[in-house]
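Novice: Order-wise, the sequence lines are chains B and Z.
Just so you know, we're using my numbering here: the first sequence kicks off at 20 and counts up by one.
Just so you know, we're using my numbering here: the second sequence kicks off at 54 and counts up by one.
Because the hints were derived from the structure by calculation, they are not lab data.
Glycine included, C-beta positions come from ideal geometry on N, C-alpha and C.
Hints may be right or wrong, so weigh each one.
Heads up, simulated BS3-like pairs for lysine-lysine below, C-alpha to C-alpha not over 25 Å straight-line [unchecked claim]:
| # | chain 1 | residue 1 | chain 2 | residue 2 |
| --- | --- | --- | --- | --- |
| 1 | Z | K98 | B | K271 |
| 2 | Z | K307 | Z | K288 |
| 3 | Z | K210 | B | K271 |
| 4 | Z | K207 | Z | K196 |
| 5 | Z | K288 | Z | K303 |
| 6 | B | K271 | Z | K288 |
| 7 | Z | K101 | Z | K288 |
| 8 | Z | K303 | B | K103 |
| 9 | B | K271 | B | K185 |
| 10 | Z | K328 | Z | K288 |
| 11 | Z | K219 | Z | K250 |
| 12 | B | K271 | Z | K154 |
| 13 | Z | K108 | Z | K303 |
| 14 | Z | K250 | Z | K297 |
| 15 | Z | K154 | Z | K219 |
| 16 | Z | K196 | Z | K210 |
| 17 | Z | K297 | B | K103 |
| 18 | Z | K199 | Z | K250 |
In silico contact screen, one side only, chain B against chain Z (beta carbon under 10 Å); selected entries [unchecked claim]:
| # | residue |
| --- | --- |
| 19 | N21 |
| 20 | R26 |
| 21 | M33 |
| 22 | T105 |
| 23 | G145 |
| 24 | F147 |
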Amino acid sequence: MNHRAIRAIYLFEMARTWRTLLQSIVSPVVSTSLYFVVFGAAIGSRISQVEGVSYGTFIVPGLIMLSVLTQSIANASFGIYFPKFTGTIYEILSAPISYFEIVLGYVGAAATKSIILGLIILATAGLFVPLHIHHPVWMLAFLVLTAVTFSLFGFIIGIWADGFEKLQMIPMLVVTPLTFLGGSFYSIDMLPAGWRTVALLNPVVYLISGFRWSFYEIADVSVSVSVGMTLAFLVACLIVIWWIFRTGYRLKN
Amino acid sequence: MAPLTRPPGTGSSLPPQPLPLSLAAIMSSIISVANLSKTYGSGFKALKNVSLDIKRGEIFALLGPNGAGKTTLISIICGIANPSEGRVLVAGEDIQTSYRKARSLIGLVPQELHTDAFESVWATVSFSRGLFGKPKNPDHIEKVLKDLSLWDKKDNKIITLSGGMKRRVMIAKALSHEPQILFLDEPTAGVDVELRKGMWEVVRGLQQSGVTIILTTHYIEEAEEMADRIGVINKGEIVLVEDKTTLMQKLGKKRLTLHLQGKLDALPQSLSHYKLDLCDSGATLVYDYDTKGDRTGITSLLSDLRTAGIRFNDLDTTQSSLEDIFVDLVRTS
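Work out the full structure, taking the sequences as your base and the hints as a guide.
Specialist: Structure below.
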């Protein structure tokens with residue numbers, strides 16, 4: 020194991036985070052705060068409680084997940100796409116480092132960044148609404164699992180993308196709609212029966228449901244199903260990455 | 054050459070056994086390319102059955118026109134492209150099965166200027182050292198940056214540097230992990246004359262410290278100036294590999310052409326001991342000679358010609374350059 024190489028990639032990527040602090044940390048925090056103001060305070064005050072929790076409090080786990088999902092994908096896809104774009108990938112490919120170690124460096128950094136971000140948003144939320152976390156360990160476990168899984172997914176997008184447009188396409192056209200429709204702002208029980216069935220096809224529903232359960236012990240689907248679905252997506256991403264490196268897809272001629 | 058280890062059980066009093074030839078060859082050559090072929094997805098054959106040995110400690114210049122396969126060959130050895138067929142050993146380690154050991158010995162400076170725009174020089178060079186698994190060593194990085202006249206730029210962002218400086222940053226990155234082999238893919242393309250000479254000095258210094266250097270170039274004078282051996286590649290095939298001195302002897306050949314006043318049917322017997330050719334149906338006489346020899350034989354030839362009564366209107370001499378040899382090879386291959 021080339022520990023120093025993993026460390027080098029990890030620190031390099033983290034350095035990029037600190038260098039772009041405004042864009043990578045401050046801007047998601049600002050936009051999440053706006054959600055609290057608009058949904059939690061303005062609209063939420065006219066909505067009665069959802070499953071025994073005030074509306075402002077109810078949306079906290081969904082909002083954190085929204086940021087963690089999009090930021091994990093953005094960080095990891097940009098992290099690997101940029102060396103491909105500038106050509107500096109030559110050095111990674113010619114270094115005495117295994118594919119597993121490359122993934123560990125890039126995905127580790129992307130996941131770390133979105134976990135930090137998730138915790139900052141949680142702290143910010145605490146300023147707006149009263150929070151009580153029933154299962155803090157499970158909460159952290161869901162946070163880490165989601166950050167890692169979607170960083171892996173972002174890594175795949177970064178390898179696949181051969182232009183900035185493609186890099187934006189999946190997060191904009193697929194992930195954001197799935198997150199909004201995944202129960203960030205409502206319980207899927209609030210949907211009509213037909214739409215509920217459709218909603219259950221959305222993988223993000225399981226993530227948000229599990230995460231919300233760790234806060235308030237209320238869930239749209241059972242927790243074990245949430246964990247199972249997240250793990251299944253993680254494994255799927257790992258298989259795709261294994262295939263990418265085995266074939267050199269978009270990396271090596 | 055690496056020290057040979059004695060087989061277990063042999064006492065020090067025994068005379069050293071000669072190595073089998075193949076093993077000796079492997080040990081003296083630091084890179085051994087055997088039957089390497091590369092076909093791209095488009096069907097383009099970039100390399101065709103290339104075999105090449107690079108000797109430990111030499112400067113090897115790989116010459117070839119654009120698209121000859123120079124960069125593909127380097128990319129495969131360094132792990133950036135996959136070979137279609139064939140095998141490459143670096144210090145006896147297979148580049149595919151033992152890639153960690155093989156790659157850790159190699160520093161690569163690619164042709165294009167690929168740099169991280171927003172990193173500082175110091176950060177990017179230190180990153181390369183870590184990537185190759187070496188522990189931190191600020192003294193070494195400092196030495197590399199000073200050798201390449203980059204020390205006063207160490208805190209500058211790369212984006213603020215000139216093209217020549219970026220090129221040197223890339224060399225610094227390649228040297229950061231103390232490689233035994235350095236690949237320089239067109240290191241002086243677009244670099245001004247003064248800087249080019251500076252780079253040559255750096256390369257010579259590296260060779261003296263035991264680093265093997267493989268450089269590709271378009272500039273033939275660069276190969277002439279730097280290389281111990283020269284290889285020519287064209288259309289994916291190695292056309293020639295030769296010691297520079299041997300090539301220079303070929304270069305030393307000059308040709309004297311005498312345009313005769315009257316045509317000759319045959320050479321007179323008195324001139325038969327000269328290597329003369331009668332050309333243009335007897336109108337010109339061609340004499341090849343070696344400028345590096347003790348005697349060119351020109352004086353005696355001219356006096357013998359006069360004795361034989363052969364007169365000429367004009368004469369000219371031409372010298373074959375490495376460029377002529379190169380162009381000729383590339384055209385005929």
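Novice: None of the hints should be skipped; say for each whether it holds.
Specialist: Going through the hints against the structure:
no., hint, in the structure
1, Z:K98 / B:K271, "holds, 16 Å"
2, Z:K307 / Z:K288, "violated, 30 Å"
3, Z:K210 / B:K271, "violated, 29 Å"
4, Z:K207 / Z:K196, "holds, 12 Å"
5, Z:K288 / Z:K303, "holds, 24 Å"
6, B:K271 / Z:K288, "holds, 22 Å"
7, Z:K101 / Z:K288, "holds, 8 Å"
8, Z:K303 / B:K103, "violated, 45 Å"
9, B:K271 / B:K185, "holds, 20 Å"
10, Z:K328 / Z:K288, "violated, 36 Å"
11, Z:K219 / Z:K250, "holds, 17 Å"
12, B:K271 / Z:K154, "holds, 20 Å"
13, Z:K108 / Z:K303, "holds, 22 Å"
14, Z:K250 / Z:K297, "holds, 19 Å"
15, Z:K154 / Z:K219, "violated, 28 Å"
16, Z:K196 / Z:K210, "holds, 19 Å"
17, Z:K297 / B:K103, "violated, 38 Å"
18, Z:K199 / Z:K250, "holds, 16 Å"
19, N21, "holds, 5 Å"
20, R26, "holds, 6 Å"
21, M33, "violated, 12 Å"
22, T105, "holds, 6 Å"
23, G145, "violated, 34 Å"
24, F147, "violated, 35 Å"
In summary, the structure is inconsistent with hints 2, 3, 8, 10, 15, 17, 21, 23, 24 from the numbered list given earlier, while agreeing with the others.
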